[in-house]
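K.L.:
The whole structure should be built from the sequences, with the hints applied where relevant.
Protein chains in written order, with my numbering: chain R, 515 to 1143; chain F, 515 to 1143.
Incorrect hints may have been included.
Copies of one chain are not kept apart here, so a pair can be met inside one copy or by any two copies together.
Claimed, not checked - Heads up, simulated DSSO-like pairs for lysine-lysine below, C-alpha to C-alpha not over 30 Å straight-line:
| hint | residue 1 | residue 2 |
| --- | --- | --- |
| 1 | K1032 | K879 |
| 2 | K856 | K686 |
| 3 | K798 | K726 |
| 4 | K635 | K562 |
| 5 | K547 | K1032 |
| 6 | K547 | K566 |
| 7 | K984 | K798 |
| 8 | K1118 | K1032 |
| 9 | K856 | K566 |
| 10 | K566 | K798 |
| 11 | K761 | K856 |
| 12 | K686 | K710 |
| 13 | K562 | K856 |
| 14 | K726 | K761 |
| 15 | K726 | K856 |
Quick caveat, the hints were computed from the structure, so don't treat them as lab data.
Residues per chain, in single letters:
Number of protein chains: 2
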Amino acid sequence: MFRYSSLPFQQVQINDPFWNERLRVNHEQSLPKQYEMCERTGRFDALKLEWKPGMPNRPHHYWDSDTAKWLEAACYACAIRPDPELRAQIDRVAALFIGAQLSDGYLNAYFTVCDPVRRWKNLKFNHELYCAGHIFEAAVAHHQLTGSRDLLDAACRLADYIDSIFGLGEGKIPGYCGHEEIELALVRLHRATGEKRYLDLAAYFINQRGQKPLWFELETQHLPQDFLPLDQPPAYFQAHVPVREQKEVVGHAVRAMYLYCGMADVARETADPTLLHACETLWKDMEACKVYVTGGIGSTWYGETFTTPYDLPNERAYCETCASVSLIFWAHRMLQHSGERKYADMIERALYNGALSGMSLDGRKFFYQNPLLSFGHHHRSDWFECSCCPSNLSRLLGTLGSYLFSETADELRVHLHIGASASFTLGGRTQGALRQEGSTPWGGAVRCELELPSPLEFTLAIRVPEWAGKVNALRINGDLQPAEIRDGYLRLSRVWQGGDAVELEFPVETRRIVSHAKLAGNAGQIALARGPFVYCIEDHDFEGSVLDVGLPAGQELTESRESLVPEGESLLVLAGRGVMSARSDQEPLYQPATAVHREETPFKAIPYFAWDNRTPGAMRVWIPETGQA
Amino acid sequence: MFRYSSLPFQQVQINDPFWNERLRVNHEQSLPKQYEMCERTGRFDALKLEWKPGMPNRPHHYWDSDTAKWLEAACYACAIRPDPELRAQIDRVAALFIGAQLSDGYLNAYFTVCDPVRRWKNLKFNHELYCAGHIFEAAVAHHQLTGSRDLLDAACRLADYIDSIFGLGEGKIPGYCGHEEIELALVRLHRATGEKRYLDLAAYFINQRGQKPLWFELETQHLPQDFLPLDQPPAYFQAHVPVREQKEVVGHAVRAMYLYCGMADVARETADPTLLHACETLWKDMEACKVYVTGGIGSTWYGETFTTPYDLPNERAYCETCASVSLIFWAHRMLQHSGERKYADMIERALYNGALSGMSLDGRKFFYQNPLLSFGHHHRSDWFECSCCPSNLSRLLGTLGSYLFSETADELRVHLHIGASASFTLGGRTQGALRQEGSTPWGGAVRCELELPSPLEFTLAIRVPEWAGKVNALRINGDLQPAEIRDGYLRLSRVWQGGDAVELEFPVETRRIVSHAKLAGNAGQIALARGPFVYCIEDHDFEGSVLDVGLPAGQELTESRESLVPEGESLLVLAGRGVMSARSDQEPLYQPATAVHREETPFKAIPYFAWDNRTPGAMRVWIPETGQA
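P.N.:
Here it is, written out as structure tokens:
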């Protein structure tokens, strides 16, 4: 069923003018900043199990996931660029986790120290299994980096213990976690250890979800009331019906994405077409009417949830950084099934926009929410009470290499045009390497050169992004070739020789994007995009507020490279002439159009991901398309 | 503090080409339809207290409010147009209420029959005091219509009983209702009976609201869990802080309006400036950023609540009919304080648009929600499970006369330009009458003629609506006069003679309205308005979907009268040339603007209140302002 395997990031060396800097910042700034914040807030100390009432920094029930995700992200960064200082921190945190495990295998600092009687009592809200999942992921990453089994063994003890508690057998709890994650993590643990029970347990958690009688309802009957200030309906947890009957993406966006990742993983490992089909149905729903142009998902602060079709408000957009990151996780899994371009298009959209915006250019401040419109009061923070996003983005950046290439026994598929060298196997042992370079993301030139010890017959398939739509010119070893695109990929089948080079050029033009007619809050407005980037306008670049700015239909925009911050990398900005609608300071909610005076204004747009790095102010992605001033 | 008294509807005979028909439809169609639905659903039978488990039509805890509101509305209709058949129904329902009262004074069919142990146990959600309030209002209306004290006495027994249960005294429940209403109703009962304890109890309910420890939290501790599938935070009930500390309109919109009505009433009766000031602060917040151009309020289906400033999505707008109706109730009370035009402007906006849309042109179908955008699946219903809206609108229509005029000892103020004759007193006995006639709402001519037995010195103040902004011509007894507008009213002070006539003409032009820059979902879009009416466009009038329609800047629109339905009254419609953006059936969520082909299309707009009376289809109020096709 799943035809493709992605080349793991350990086989892929990224060397790309745009991404080198983002990865450097992640390694040198974001991970140290996150470590510092975990330290300062007591998250690491919590694992010492020494907290007592009256002491500062009372642990929280999801803290273990914050520290585990930092550990996992740090392992990835250390794997692509060895770093003794970071490695020492990794060893320390891994040891803290190992030391926090109880003799029965249980591992959760909060419940061990603060609330032992509640262990497994409130699966709906208490994140215990979610935290366990992140510990499994960290353990696999740690094992892959270090070769040590210490943390992996602890993870297995925890998984074995959980396996003894949960399931449909006599005396077991027939429940599952309110926040999915353990499902995909158990599959990873299964892959790392070969232990089939972990896969079975992942399948159990997925299959049991939404079965009647609903566990969350049974569980609630025995709970004291104090946990229920604001309950949520079963759909919030994707537990309203069994997963194979779910047709629409619903509820908490990150929970949904993690569930769908787990479903895809179990579908792959067990060759279950019903689970895969459910994923495809859910994908179509999301893609048709529930995702922002930035690859953000989650339309409302209320529960951080999906809402109704075409309900994609820009200012109230939740678009949690974790949601775009986990959308990429899911899309990546789906892409390995069919190799369909739509999944790679979505990865690219979310990666360059809604996910990347989660981190400041200097890597030291983070967004939790990524709205498409701000009145000027939304800014990145050092940290959050619920600080899931920073380390999730760092995990993504650390494994970026995994998203570029896939292979089958006779095909090597290039999904993202990010400069990199990768060794590939075509399903066996290493057969050769491919080096991709070019001018993306700002330009359209891409060059793929093969390194092969001996001639080899296979298909090289290169994605033509939806935003490009075509290839201006295709050359193989300098000879112009017709560019036939099938299902969004150039498919070049031949006996390849070492040194063979494919060169191609995508048209990269500034595009005006319009929304579906039902996305009525964007009616009459356009978004600017160029290559993989969505653009926005910020107060910093205007005299007056961007809330008053329109862009005339037909207005040409010029392109130039510019550093937005001192010593920052240069980005491509768009400039031209816009329209400013001058309004009074005491602007009423509604007034006659005749009260608004329009005049021409210099116009400038920057990539969305780079907003809120300069003077704080308003920002918007969707811009009214006006007549001339 | 409250300078003005409105002329009660019993003194005002409406005779207006537009409103005569609406009132006829209410009397002849809506009230009989609501009676029939109350009968069919068992709402009247519930008052017989004969329901037993296993029988159909199990009562609901808010049913008494549906029947009481019908009774109240029917009394108003019968007062302005005697009707023996309706009167017989009134007598029957009044008798049912009287018969449903228990010996201790308690009156609530649901709790008496279905759930007696829960009496007063869940004030937060159970609407018992809310229902009592509607019984008080019905009883006052019934007494005013019939002169009988039967139902009024029953209401007093209920109020006395409630007074013995609630309050801060020893052994009393220090609580208040989750759904406000009893506060304003107790003030009405106080005014009708002169009993000061009812005013004191109203003041208690208002003053206690939001005091710590919060009653809703104390109460919840002793409740079984089964009522809590979806709890709500205290702000939902306007109980987050004491009412005088509330600065922003929050929570359930109808609850909020009823509370603010009660606050204004108690402020008036007790001359309490702190309560009035709180109302003024709340008004400013609502007016500045939380009301739709139709006078609708409540931005989200989730809890039918207010949300954040400038969050006014059009398709997800809740805009419950009851919310616009109760906004009018509140605005009317505030208007009597200062006579400020802004309150009359809001009454007019909500009356002609967001409230009136709650009823079909034939008066037999009703909207609960009144969105400003529909994809074509929102239609009026015969009835609702929670059927608060139909009778609330009928109550408003029955008392429409009360909203037209106010008086002080030396001033008669004309707020709404609806044809009517009214006797006025200037604070004493009847001094004379005023007859208003003219071409409004479709035209701008207004004529006010005085009927006075002897010359009388006073000020006649005539509102110049905000939408008019000025008076084209003012004539007194045929002589052209300068029109001086002060605070939105023409103030004409003189010794008036019988037969004196004031004629004036407002400019009535089609207006294009723009939203505040922060109402970004309307950016680049305009709403059409003319006189008091907001307009909309409906699929019925277009080839293609109105979701694809734009209106070029500068496009002239012509006006004509037209009946939208057979035998319906003629309304003024707007026509011109619009732009249709042709899109594919399988329209993606986002696509290049170049994929959309624009062409000219005939354009037609109708008054918003009259939508969904023809072929079902999409509707929108806010329309993109485009360049020419």
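K.L.:
List, from low to high, the hint numbers that the structure doesn't satisfy.
P.N.:
2, 5, 9, 10, 13 and 15
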